[in-house]
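Those sequence lines, one after another, are chains R and H. Residue numbers for the first sequence follow our numbering, so the first one is 1 and each next one is one higher. Residue numbers for the second sequence follow our numbering, so the first one is 1 and each next one is one higher.
If you are wondering where the hints come from, they were derived from the structure by calculation, not from laboratory data. Computed from a prediction, not measured in an experiment: that's the story for all the values here. Keep in mind that a hint or two might mislead.
Straight-line C-alpha distance at most 27 angstroms; calculated BS3-like pairs for lysine-lysine [said to hold, decoys possible]:
#1 Lys258/R / Lys162/H
#2 Lys232/R / Lys73/H
#3 Lys232/R / Lys247/R
#4 Lys155/R / Lys217/R
#5 Lys157/H / Lys232/R
#6 Lys247/R / Lys257/R
#7 Lys67/H / Lys155/R
#8 Lys17/H / Lys163/R
#9 Lys277/H / Lys155/R
#10 Lys232/R / Lys257/R
#11 Lys73/H / Lys155/R
#12 Lys277/H / Lys14/R
#13 Lys217/R / Lys277/R
#14 Lys162/H / Lys257/R
#15 Lys17/H / Lys277/H
Here are a few chain R residues that face chain H, going by a calculated C-beta distance under 8 angstroms [claimed, not checked]:
#16 Leu22
#17 Glu53
#18 Ala62
#19 Thr66
#20 Leu157
#21 Pro194
#22 Gly229
#23 Asp260
#24 Ile288
#25 Ala349
#26 Met352
#27 Ala353
Over the 10 angstroms line for every Cβ pair with chain H, so calculated as not near, a few chain R residues [unchecked claim]:
#28 Gln183
#29 Ser185
#30 Thr195
#31 Val264
#32 Lys277
#33 Thr318
#34 Val378
Positions of the beta carbon are idealized from the N, C-alpha and C atoms, including for glycine.
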Amino acid sequence: MDILPILSTLRRHKLTAWLLILEIALTCAIVCNAVFLIGQRLQRMDMPSGVAEHELLQIQVADVTTPSNPYARLAEDVALLRQVPGVQSVASSNQVPFGGSSSNGNIRLDPAQPERTLSATTYFGENIPQTLGTRLVSGRDLQSDDFVDVETAMKGLSTGDSKSLPHVTLITQTLAERLWPGQNSLGRLIYLTPTVGLRVVGVLDSLVRPNAFDPAKAQFTMVVPLRMGANKDQSYVIRTRPEDRAKVLAAAVAALKKADPDRVVTTRRSFDEVRRKFFQDDRAMAGILTGVIAALLIVTALGIVGLASFWVAQRRRTIGVRRALGATRSNILHYFQTENFVLATLGIALGMALAFGMNLFLMTHYELPRLPAVYFPVGAVLLWLIGQLAVLGPALRAAAVPPVVATRSV
Amino acid sequence: MFGYYLDLALRSLRRNKMLTALMVLAIALGIGASMTTLTVLHVLSGDPLPGRSGSLYYAQIDPQDIKGMDSSKEPPEQVTLIDGLNLLHAGRADHQALMTGGSVPVQPEQSSLDPFYVEARYTSADFFGMFDAPFLYGQGWTAAEGEAKVREVVIAKSLNDKLFDGANSVGRTLRMAGTSFRIVGVLDSWQPNPHFYDLNSGSYAYGEEVFLPLQTMLELRLDRGGSTDCWGNGGGGVGNILPSNDCVWLQFWAQLDSPAKAAAYQEFLVHYSLDQKALGRFQRVPNVRLRNVMQWLDYNKVVPSDVRLQNGLAFGFLLVCLVNTVGLMLAKFMRRAAELGVRRALGASRRALFAQLLIESGVVGLVGGVGGLLLAMFGLWLVRQRPSDYAALAHLDLSMLFVTFVLAVLATLLAGLLPAWRACQIAPALQLKSN
Chain R
1 MDILPILSTL RRHKLTAWLL ILEIALTCAI VCNAVFLIGQ RLQRMDMPSG
51 VAEHELLQIQ VADVTTPSNP YARLAEDVAL LRQVPGVQSV ASSNQVPFGG
101 SSSNGNIRLD PAQPERTLSA TTYFGENIPQ TLGTRLVSGR DLQSDDFVDV
151 ETAMKGLSTG DSKSLPHVTL ITQTLAERLW PGQNSLGRLI YLTPTVGLRV
201 VGVLDSLVRP NAFDPAKAQF TMVVPLRMGA NKDQSYVIRT RPEDRAKVLA
251 AAVAALKKAD PDRVVTTRRS FDEVRRKFFQ DDRAMAGILT GVIAALLIVT
301 ALGIVGLASF WVAQRRRTIG VRRALGATRS NILHYFQTEN FVLATLGIAL
351 GMALAFGMNL FLMTHYELPR LPAVYFPVGA VLLWLIGQLA VLGPALRAAA
401 VPPVVATRSV
Chain H
1 MFGYYLDLAL RSLRRNKMLT ALMVLAIALG IGASMTTLTV LHVLSGDPLP
51 GRSGSLYYAQ IDPQDIKGMD SSKEPPEQVT LIDGLNLLHA GRADHQALMT
101 GGSVPVQPEQ SSLDPFYVEA RYTSADFFGM FDAPFLYGQG WTAAEGEAKV
151 REVVIAKSLN DKLFDGANSV GRTLRMAGTS FRIVGVLDSW QPNPHFYDLN
201 SGSYAYGEEV FLPLQTMLEL RLDRGGSTDC WGNGGGGVGN ILPSNDCVWL
251 QFWAQLDSPA KAAAYQEFLV HYSLDQKALG RFQRVPNVRL RNVMQWLDYN
301 KVVPSDVRLQ NGLAFGFLLV CLVNTVGLML AKFMRRAAEL GVRRALGASR
351 RALFAQLLIE SGVVGLVGGV GGLLLAMFGL WLVRQRPSDY AALAHLDLSM
401 LFVTFVLAVL ATLLAGLLPA WRACQIAPAL QLKSN
């Protein structure tokens, strides 16, 4: 196919041609970045939790008046829940993976260190690793004599009595590797307060934080042996078989209500719901971005159809002359298809540069990573396809122009 | 002349329905998308207390030890109980309020209602006056009553409707967390958005249903919510234990009616910090901030970054739609070169032709604007179906309605400028000759 005559024609419609190129470029740039953003969101929504999500239930109950002995109350509740048919394991925890609200501590490896090393989330409660289903990679699990009542610990903290504070902790592999790269972390000390260090006794395979907003820090997690007692913010986490979840949840809530009809069940849900709620904005954003891409491609396609139709109508006579001089239908068809390809290619080239610039802007304003090179061909192929599809109708109409048009004056 | 050009424009638009429809559709889609996101942005970045927000200031001081919580140069975002009470009792502002939030169980008298939890605000007495909270019945408690830890409560209209069918419940008893409170006031519907005075409990569509004196809460050790940040040996408090004085967990607001007073108050905060340092409580050099409502919201970046991103996307989309419209309009105008040539030959000036073509693009803009408005209403309806906490707030208001039309017409006129100018450059003789 001869490109030179096409270029010479386009040179005579410079303004229109440039507008089309600009439109394709803008579309290409936005589409590249939007596809990238969708990928980011989908990747975020896939963030692993390290727990047996499809087997877990969360219940929160709140007493109307504070129980006289919250620790006994919690033990009673846990015992009660273990009796519910289908329940495999019960934990009490101050927070749950992807739950949103979280307790966090500033880690120092040396109590005299002026700046914290990092901030990690702290799970407090009993039976957490077993029930949540995260594997112990090395060391041992927490034992009942590791545990300290939270009020005792609080008092100990304010009076400086280090004996009444917990002395051990479990950490995740990711956290261990971050704190002591390539070394054995068992037996090392982590300081959350200046007075007492927590000795690492076990390393967990994986346990995501409730506030996993930054994937790089999502696994900075500790489990500390504090006994929390029954309170409004404490969760009962129940492990059961996936198919029993609905039944077990209903039975567990009924059992808790039966034990004390005066209390309020504030949360009752499966971990599938916990995850869905945590990532709901990401899902919504991915949906919106998909909509924007579709709308952009449709508008651009319609614009191409409109301009191509206009050019075909304008060049009817010329097409007739070419046909009369021996050009075949497919010659005419290819002419318009090539013209569109040339314009699309120019637009895509410009669009790539724009996409790169847009990504730089997003990187500075929205803390996004650099646009990987794979996304450029995605945008290019999409726009070439859209261009060819859009121009096909007008081009076929052009090919259908009979040679006899050449002999008629319009 | 305007009427005649309008008539010409309509005729021309009708002649090529497909192309006209394409232009209108592009404008409508672009305007619809950008107005939807702009409205959401407008609602979310709005002033929660118009007229008052400039004289309400959020005070921050830095009571941390030398190591502190992290390397941030900003003081903590809240105050400790001891500092809050000191500032409150100093009374150096026109009005001041120390507060925090939580949730408390309500035990209705009616046996038909199970106990339920409501969001609570524990605050000193000036809260209602400072923030212009409208009373339906009764009033708040006095500062003296607050200090005396009275069992008094102000409830929201929604709770009054639920428990008392909207009747005047002032003087009646409300049982919460095992304690009887006397209702002294009922607020009318009131929900500042963003929830500026405490951003820890969610920025939007959050409202408390009961308001209690802070001192009463401290005595009864009612549930605390929000965020607690500690340093050193600070303990966050649990159950009956309050957070220690190495923890920040309360908000302190001051009403300062003139810039001079605000400057003086900032000075006061510095002096307070110095005094505390002399007493050995503070270790750092005075590090204070005094931000008014809008500055405070800005500092906290309350508008979700997704919303700003969506707005940017929508305007990118509008730009593509406009470039599209410019192209189509150019095609349309150039196609009428012959007609325009004839008009020029018959004596019409370039300016007249230009006006005629601009009116034509203005008509497209107007129709596109109406379409865009309908699409924006649909878009906002879609936004309201989303689960985000701000979703319910997404409604078009009068000012945004006006902006939609101005934006649509301006955008299309702008899009019409280039094609109209290009079409006016046509040499009439050439056009008359060629056909």
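Violated hints - listed by number, lowest first: Checked against the structure, the hints that fail are numbers 2, 4, 8, 11, 12, 15, 17, 23, 25, 26, 27, 30, 31, 32, while the rest are satisfied.
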